[in-house]
Amino acid sequence: MHDHKGVARPLVEVKDLQVHFHLVEGVVRAVDGMNFEIHPGRTLGVIGESGSGKSVSAQSILGIVPSPPAKLVGGEILLNIEDQETGTVSSVDLTKLPKTGTEYRGIRGRDIGMIFQEPMTSFSPVHTIGNQIMESLLLHTDLDKKGARERAAALLGHVGIPNPHRNVDAYPHEFSGGMRQRAMIAMALACQPRLLIADEPTTALDVTIEAQILNLIQELQQELHMAILYISHDLAVVGGFADEIMVMYMGMVMEYASADDIFDDPKHPYTQALWRSIPRIDGPLEALVPITGNVPSPFAVQRGCPFYSRCPQRIAGVCDESRPPEVEVGPNHTARCFLYSEDHQAESGGATTNAADRNQSLAGEGGPERP
Amino acid sequence: MTQERDETTATPIAPETEGRTPLLEVRGLKKYFPVQQGFLRRTVGYVKAVDGVSFTVDPGETLGIVGESGCGKTTLGRCLLRLYKPTDGAIQLNLDEGSLDIMDLRGDEMKLFRRRAQIIFQDPFSSLNPRLSILDTVGEPLLVNNVARGRELEERVREVIVQVGLRVEHLRRFPHSFSGGQRQRIGIARALVVNPKIVVADEPVSALDVSIQAQILNLLERLQQEFHLTYLFVSHDMSVVRYICDRIAVMYAGKVVELGPKADLLAEPRHPYTELLLAAVPRTARGVRGQRTITPGEPPDPSNLPSGCVFRNRCRFAQDICAEQEPALQKVDDNHFASCHFADSLELEGIRADASGRS
Chain A
0 MHDHKGVARP LVEVKDLQVH FHLVEGVVRA VDGMNFEIHP GRTLGVIGES GSGKSVSAQS
60 ILGIVPSPPA KLVGGEILLN IEDQETGTVS SVDLTKLPKT GTEYRGIRGR DIGMIFQEPM
120 TSFSPVHTIG NQIMESLLLH TDLDKKGARE RAAALLGHVG IPNPHRNVDA YPHEFSGGMR
180 QRAMIAMALA CQPRLLIADE PTTALDVTIE AQILNLIQEL QQELHMAILY ISHDLAVVGG
240 FADEIMVMYM GMVMEYASAD DIFDDPKHPY TQALWRSIPR IDGPLEALVP ITGNVPSPFA
300 VQRGCPFYSR CPQRIAGVCD ESRPPEVEVG PNHTARCFLY SEDHQAESGG ATTNAADRNQ
360 SLAGEGGPER P
Chain B
0 MTQERDETTA TPIAPETEGR TPLLEVRGLK KYFPVQQGFL RRTVGYVKAV DGVSFTVDPG
60 ETLGIVGESG CGKTTLGRCL LRLYKPTDGA IQLNLDEGSL DIMDLRGDEM KLFRRRAQII
120 FQDPFSSLNP RLSILDTVGE PLLVNNVARG RELEERVREV IVQVGLRVEH LRRFPHSFSG
180 GQRQRIGIAR ALVVNPKIVV ADEPVSALDV SIQAQILNLL ERLQQEFHLT YLFVSHDMSV
240 VRYICDRIAV MYAGKVVELG PKADLLAEPR HPYTELLLAA VPRTARGVRG QRTITPGEPP
300 DPSNLPSGCV FRNRCRFAQD ICAEQEPALQ KVDDNHFASC HFADSLELEG IRADASGRS
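Chains A and B, in that order, are what the protein sequence lines are. Heads up, the first sequence is in numbering that gives the first Met the number 0, so the first residue is 0 and it goes up one at a time. Heads up, the second sequence is in numbering that gives the first Met the number 0, so the first residue is 0 and it goes up one at a time.
Source of the hints: derived by calculation from the structure; they are not laboratory data. Each hint should be verified, as a subset may be incorrect.
Below 20 Å or equal to it, Euclidean Cα-Cα: the simulated SDA-like pairs (lysine to any residue) are [said to hold, decoys possible]:
hint, chain 1, residue 1, chain 2, residue 2
1, B, K261, A, A286
2, B, K261, A, P283
3, B, K261, A, L284
With the hints as extra help, turn the sequences into a complete structure.
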């Protein structure tokens, strides 16, 4: 699709990625058949609740999933890096690289930068901010200590930290939450990575600071032409930030579409239900419709759709029997749901009305959540 | 200095209650935490976490207290429950059993107060004792307050457990076997078991998954109607507050900078900080999706507040007078108060709700 001249290959291509956790209680399919690609300069948003596998998928790209218990069962993660001078693209399958080898180490921090959720805990409290930024510069560039320190100070200034030459010697506890997250961004961007993975980078911050940080990331993205994988549970934030959005539930990508389609024309019942349940700053002030029930135990081995037990449009005998297919519901818009699969619609035309009836009765009854 | 501050902020300003007795009256509430230094732990200054806050709460209403972290909203909630002893001010709780002076509770008064004022905590994972079963967790307030014991206690716990949407079979289980949403229900049951009149809910849905938040918000609303509860809903999340509250108090650096009915305050804020806070929340409606305004700066250090108006360093309208004089919380409209020298003249932008709607 992007083979035409002038259109670059995606920077990252993830194909049918499967990561399982082998625990005492059983096997958890943390990432279950994930496909996506990100182009340079674009942002892919990943939305999901806790336990949906959004962080594990990001960690798989960096090769930092704790293993054991995690096991990469299948799939590939291709990193296509174009040489600026020759224009040739070298492609590496990250899943094939030894996780502790020098090659992977050369990619982490240089080609891929990461911003973590907790700016409080992601810095070492016993080293200065400057030393922690210098670490990756010394590892990946030819700079000497003095040069690296200069660069670290320049980076801190670039992300909006006042008095960078003094603050380069500050310890993390001397910074406020917002400043720490800025320093974290400076650290992640020290070597000008091609891919930035941001795992809930603003969850611990106040909205005014969040707006500042996201704006900073976007400015830097334009400057460096980075691809961004942005993970969050906050739909409103992702909607304004990402070009494409991937909605995850229990390890599966339920829906994948442009941000506009996810907001204006969601297809998957889970995405639709999420929309009805979240309070929005400018949404209509009707009662929220919660998603009934709870996220099922990740150990429950399910043959069918993981959302089956909570889905208002579930089709008994179909959705609980086999894994829902990934259906193309529009241009660049896929949903993993039987409602849109042609096979299913052909064989049981009446099922849709059934589902609608059930939807009605569910809304009426609502359980203890919605009296 | 302190003297001046007293004159400007201690004036009790409360919404007009028109003859009705408010449930809670707060006047000039202050909570200063001493900053100690050196071997002798000498006090070198104060963190003014709550600095001269006045408001009233009517029975059955939900007052939202919003602000950024460090603005004093949690401290305020805890002072009202006497989990902290306030430095100064007056708090009065008007119950059917009589009025209680929260600043000076003794003996039986304290026992009554503990039954009528309860709290729901933010984190359902750390606020429950992992070694206590649900029966013990929810029954504990009955025991310590001498309300019930034995079979009577169990009956009462069963009743409240069902009311919050849990099942009686869950009684003997321990917190680890429950999800976040269920644990929050346990926390709510524990607060409600003693029949409180007023409940301080401190970020009760912030730690929950998005799909669970609505369940808990709807549960809180239903319980409020059933038991005629009054909520003080402490939150940083404007979208959540917009759904659940009747009135909103916006706090900044220990002070209430704006207080008013939800619809007025959101649509037509009268304090520049409220505007800033609302503008920072990303919009979701078609056409304006993702729009948010970026304002530089951070809230001031509460141990070293600027002179005059605490917000002036981030305010785009700041004038000389803002550095010299602290603005008092003054009436700008019916039941609507703002502490800004220019509250009457500023044209501030609020939230335009998505009228087109979306099912």
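Hints, one by one, checked against the model:
1. Restraint check for K261 of chain B and A286 of chain A: the C-alpha separation of about 16 Å stays at or below 20 Å, so the hint holds.
2. For the hint linking K261 of chain B to P283 of chain A, the alpha-carbon distance of about 14 Å falls within 20 Å, and the restraint holds.
3. A C-alpha spacing of about 12 Å is found between K261 of chain B and L284 of chain A, which places the hinted pair at or below 20 Å, so the restraint holds.
Against the hints set out earlier in the document, no violation occurs for any number.
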